[in-house]
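A.B. asks: Chains as they are written, first to last, in numbering that gives the first Met the number 0: chain A, 0 to 267; chain B, 0 to 466; chain C, 0 to 112.
Because the hints were derived from the structure by calculation, they are not lab data.
Just so it is clear, the structure is predicted and the values come from calculations on it, not from any experiment.
For each residue, glycine too, the CB sits at the ideal point set by N, CA and C.
Mixed in with the good hints, there may be bad ones.
Stated by the list, open to error - Derived Cβ-Cβ restraints for the label pairs, each shown as a range:
1. B:ALA227 x A:THR33: 53 to 61 Å
2. C:VAL44 x A:LEU45: 39 to 47 Å
3. A:THR248 x C:LYS90: 34 to 42 Å
What the hints assert, rightly or not - Which stretches of chain B does chain C cover? Using the computed rule of at least three CB atoms under 8 Å from a CB of chain C, they are:
4. 103-112
5. 129-140
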Amino acid sequence: MLLTSVIIILREVLEAALLLTILLAMSRFIGLNTRWFLLALALGGLGSIIYGNNLAAISNAFDGTGQELLNAGLHIFIYALLLITTSLMVINYYRPGCRLSLLKWCMLLAVMSSILREGAEIYIYLYTFHTQPALFGSVLKGALIGAGIGFSIGALLYYLLLALPERHTLLITCILLTIVAGGMCSQAVQLLIQIDWLPSQMPLWDTSALLREDSLVGQLLYALMSYEASPTPLEVFLYAMSLAVMALTLGFTHYVYRSHAHVPAVAH
Amino acid sequence: MRSIRFFLLITLLATIVLVNFVAALQGYRGSMSEAQRLFDQQMVATAQLLSTMPASQQSPEQLPVVVEHTGPMAFQVWTEKQALLMRSVNAPETPVSAFAEGYREVNFSGFRWRVFSHYAPQLPGWVLVAERVDLRYQLADRVILESVTPILIGIPVAGLLIWLILARGLGSLRRLAAALQEKRAEDLHPLPLDNPPEELLPVVSSTNALLARLQESFERERRFSADAAHELRTPISAIQVHAHNLERELTETSAAEKPDSLQKLQGSVERMAHLVEQMLDLYRTTPDHYPARFERVDLYALAREVIAEHYAGFACRDQQVELCGAPADLCGDRFALSILLKNLLRNANKYSPQGGQIEVAVNVLSERDEVELRVEDSGPGIAEAEYARVFERFYRVGGDRHVTAVEGCGLGLSIVQHIAQLHHANIRLGTSRFGHGLSVQVRFPLVNPVGENSVSESMQERATKNV
Amino acid sequence: MSKYPVACMGKFLLLILFACLSLGAARPEIKLEIRDHLFLPSELVVPANTKIKLIVYNRDPTPEEFESYELNREKVIMGGQKAIIFIGPLKPGEYPFFGEFNPKTAQGKIIAE
Numbered sequence: 000m001l002l003t004s005v006i007i008i009l010r011e012v013l014e015a016a017l018l019l020t021i022l023l024a025m026s027r028f029i030g031l032n033t034r035w036f037l038l039a040l041a042l043g044g045l046g047s048i049i050y051g052n053n054l055a056a057i058s059n060a061f062d063g064t065g066q067e068l069l070n071a072g073l074h075i076f077i078y079a080l081l082l083i084t085t086s087l088m089v090i091n092y093y094r095p096g097c098r099l100s101l102l103k104w105c106m107l108l109a110v111m112s113s114i115l116r117e118g119a120e121i122y123i124y125l126y127t128f129h130t131q132p133a134l135f136g137s138v139l140k141g142a143l144i145g146a147g148i149g150f151s152i153g154a155l156l157y158y159l160l161l162a163l164p165e166r167h168t169l170l171i172t173c174i175l176l177t178i179v180a181g182g183m184c185s186q187a188v189q190l191l192i193q194i195d196w197l198p199s200q201m202p203l204w205d206t207s208a209l210l211r212e213d214s215l216v217g218q219l220l221y222a223l224m225s226y227e228a229s230p231t232p233l234e235v236f237l238y239a240m241s242l243a244v245m246a247l248t249l250g251f252t253h254y255v256y257r258s259h260a261h262v263p264a265v266a267h
Numbered sequence: 000m001r002s003i004r005f006f007l008l009i010t011l012l013a014t015i016v017l018v019n020f021v022a023a024l025q026g027y028r029g030s031m032s033e034a035q036r037l038f039d040q041q042m043v044a045t046a047q048l049l050s051t052m053p054a055s056q057q058s059p060e061q062l063p064v065v066v067e068h069t070g071p072m073a074f075q076v077w078t079e080k081q082a083l084l085m086r087s088v089n090a091p092e093t094p095v096s097a098f099a100e101g102y103r104e105v106n107f108s109g110f111r112w113r114v115f116s117h118y119a120p121q122l123p124g125w126v127l128v129a130e131r132v133d134l135r136y137q138l139a140d141r142v143i144l145e146s147v148t149p150i151l152i153g154i155p156v157a158g159l160l161i162w163l164i165l166a167r168g169l170g171s172l173r174r175l176a177a178a179l180q181e182k183r184a185e186d187l188h189p190l191p192l193d194n195p196p197e198e199l200l201p202v203v204s205s206t207n208a209l210l211a212r213l214q215e216s217f218e219r220e221r222r223f224s225a226d227a228a229h230e231l232r233t234p235i236s237a238i239q240v241h242a243h244n245l246e247r248e249l250t251e252t253s254a255a256e257k258p259d260s261l262q263k264l265q266g267s268v269e270r271m272a273h274l275v276e277q278m279l280d281l282y283r284t285t286p287d288h289y290p291a292r293f294e295r296v297d298l299y300a301l302a303r304e305v306i307a308e309h310y311a312g313f314a315c316r317d318q319q320v321e322l323c324g325a326p327a328d329l330c331g332d333r334f335a336l337s338i339l340l341k342n343l344l345r346n347a348n349k350y351s352p353q354g355g356q357i358e359v360a361v362n363v364l365s366e367r368d369e370v371e372l373r374v375e376d377s378g379p380g381i382a383e384a385e386y387a388r389v390f391e392r393f394y395r396v397g398g399d400r401h402v403t404a405v406e407g408c409g410l411g412l413s414i415v416q417h418i419a420q421l422h423h424a425n426i427r428l429g430t431s432r433f434g435h436g437l438s439v440q441v442r443f444p445l446v447n448p449v450g451e452n453s454v455s456e457s458m459q460e461r462a463t464k465n466v
Numbered sequence: 000m001s002k003y004p005v006a007c008m009g010k011f012l013l014l015i016l017f018a019c020l021s022l023g024a025a026r027p028e029i030k031l032e033i034r035d036h037l038f039l040p041s042e043l044v045v046p047a048n049t050k051i052k053l054i055v056y057n058r059d060p061t062p063e064e065f066e067s068y069e070l071n072r073e074k075v076i077m078g079g080q081k082a083i084i085f086i087g088p089l090k091p092g093e094y095p096f097f098g099e100f101n102p103k104t105a106q107g108k109i110i111a112e
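Bound-form chain A, shown alone (with noise of 0.2 Å):
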């Protein structure tokens, strides 16, 4: 049971840790204090206990479809939550200061949002083994060590982007969160997908041979950008637009915001 906690427990910290650390670097960067942090830690807790509570319910609403559903609106809600607030960041890095609140709770949203998703099947996993005491040893023992894993990546990832130079803090920042909202965006299509929401199609391409889904580099992948080995067209497609709206939209008020800093107050 070890390998198999490990591999759910990692995936899932993996993808919840990634975005925390991201933002919570961005936060210490910009000179926010971290209560908003610990905050989103409580409610995304809170919310996944009630989330994973209620499961059989949400499952069961809209002919079955709730799950998918609502899974998919938290990606989507994620992902518009890390385009406003990456957007925030670079007006903030042109005007420091400026509506710090609201980007506050933005990012205290999206990880509220990501630890209650990603909480929830934490939560399931554990509660279905913690009545087999034969297995939850070592479902536990797994546990720690996924998670352990994973919070070690979050934590060493964390000091990394501390520690680069300030001047490129930013732009690696932008793309490392552009590259996870796609990979939201990207999953919310796939459980679409899966409900037939959207249509389904033959893969474009196939690159299970390459790098297999579950092994440790394709978690990690899975976790940064939603690796998938063989996605259809369609899903191509949405993560294509995803990462370019994004990009176009970090472009443009970056562009806007930088012709701004430099025309002085004069033109007022």
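Got chain A; can you put chains B and C on it based on the hints?
C.D. replies: Chains B and C alone, transformed into the frame defined by chain A:
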């Protein structure tokens, strides 16, 4: 990075966790596949054993023999013509796997099984041995887990150890910070860090070099001022003598009045001489350098002496000086204390108007173990906002446009402060009981922490003398 | 230059429209059961190049997660519940799936022919 210790703890622990856990997983996987290989070998052995059993050689016309065997293993023995010869009770009557050499995983009897199909030429026929996947997996899992558990338990221990080791390793940094923090502004001694680690050596040595340079330049400045004042004394006394001679020559040769300019010259020289004396007193009484000789001093008696010395000054302005209080022994430097009294009295004398009142009080505040010296004058006083500034060197209230038009050099209270610091006394300024004047209150501790030894010695001396 | 993305968007909208229209269309239904952490049946034969509605009943009291890397599907099914998962169209071949919570025993595969 907020704290080096926290950063190192987290990154080191994360690295250890990452490396150890991935290694543990790798080990687990290796052991697991080895365990599976052993289980498979066992299945092969079982299959070979079954193919030699006599029951296996029964004729196919007879009913298949059902062996009462339950547990993690199941088996079937089939003839070449696919008739069941023998099976365990937990195996179905249909073939559980294809008749082809090798391992397969199948579901039957409500479990998942790993089946080994073996062709036995001596039968001839097929022996199918099955083992429950969940049980053999759990068994291996339980055994291998024992080797993983210590790694998990080791992590918090490693965390605690790293935390303590970091505290030890960063100790010298913390001590350096504490030493820098505790350093008083005037303390220019080198940092007391013996054997600093290689990494801190440049910090400590450059800080110490900086402190030494500062110390040198302070010393130079002090020496220069003191030497300059000292060197000025001789020519000034010479000028005074020459001016006096000039005055005598002028008044003796001609009966004319003393010229106005000579009068002014004498006044200026007088002031200059005073300034030089004050500067000398100021540098002489700097607490860091003053070679204090603490002894038992009766402040009341000393005050009486100093008043008597300067009585002429009070008399010529018709001022009343009153000394009240009682004898008060304290431990102090007699010479310094007389300079303190002199400066306070001179200020009172200067700033009190013609015919004003001055009160000097010396009291023992026995409940606080302090001796209080109070000098109150009836001058214009000092505004409360200026209290802090009047102790600065060369600072005079209102600058040169002082209301009383009294001349002074602005060093008196600085000297008083130096001497008070020397005695660990504290000074408080206030409004005098005459309504508008200045009240200077100096409170000396009865037992001076610095001169304690010398006091007790001198007290003993005195005691023996009395006997 | 600007025509191409527009055409692309149009195509995409048509695709969605088509998808919504086709929602009601009948699809071959295939039933799968989870019992004692086993998939019953453990091998499903389905027509290739067709979209299939897979209905998974979890007869166990404990939750199970239906997962397949090859099919790109993942869904948690609580104890005693059923789940509907659309799969395909599939090229002929074998597509393994497993129950992620009990992957040693809950194994199965879809064979598209």
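A.B. asks: Go check the region 129-140 of chain B versus chain C for me, would you? Three or more residues, Cβ under 8 Å, otherwise it fails.
C.D. replies: With 3 residues closer than 8 Å to chain C, the region 129-140 of chain B meets the three-residue bar; holds.
A.B. asks: Counting residues of the region 103-112 of chain B that have a beta-carbon nearer than 8 Å to any beta-carbon of chain C, does the count reach 3?
C.D. replies: holds (count 6)
A.B. asks: Do THR248 of chain A and LYS90 of chain C keep their Cβ atoms within the hinted range of 34 to 42 Å?
C.D. replies: For THR248 of chain A and LYS90 of chain C the Cβ distance comes to about 38 Å; the hint holds.
A.B. asks: Is the gap between the beta carbons of ALA227 of chain B and THR33 of chain A within 53 to 61 Å?
C.D. replies: holds (60 Å)
A.B. asks: Can the suggested window of 39 to 47 Å be confirmed for the beta-carbon pair VAL44 of chain C and LEU45 of chain A?
C.D. replies: At roughly 45 Å between Cβ atoms, LEU45 of chain A and VAL44 of chain C fall inside 39 to 47 Å, so the hint holds.
Checked against the numbered hints above, the structure breaks none of them.
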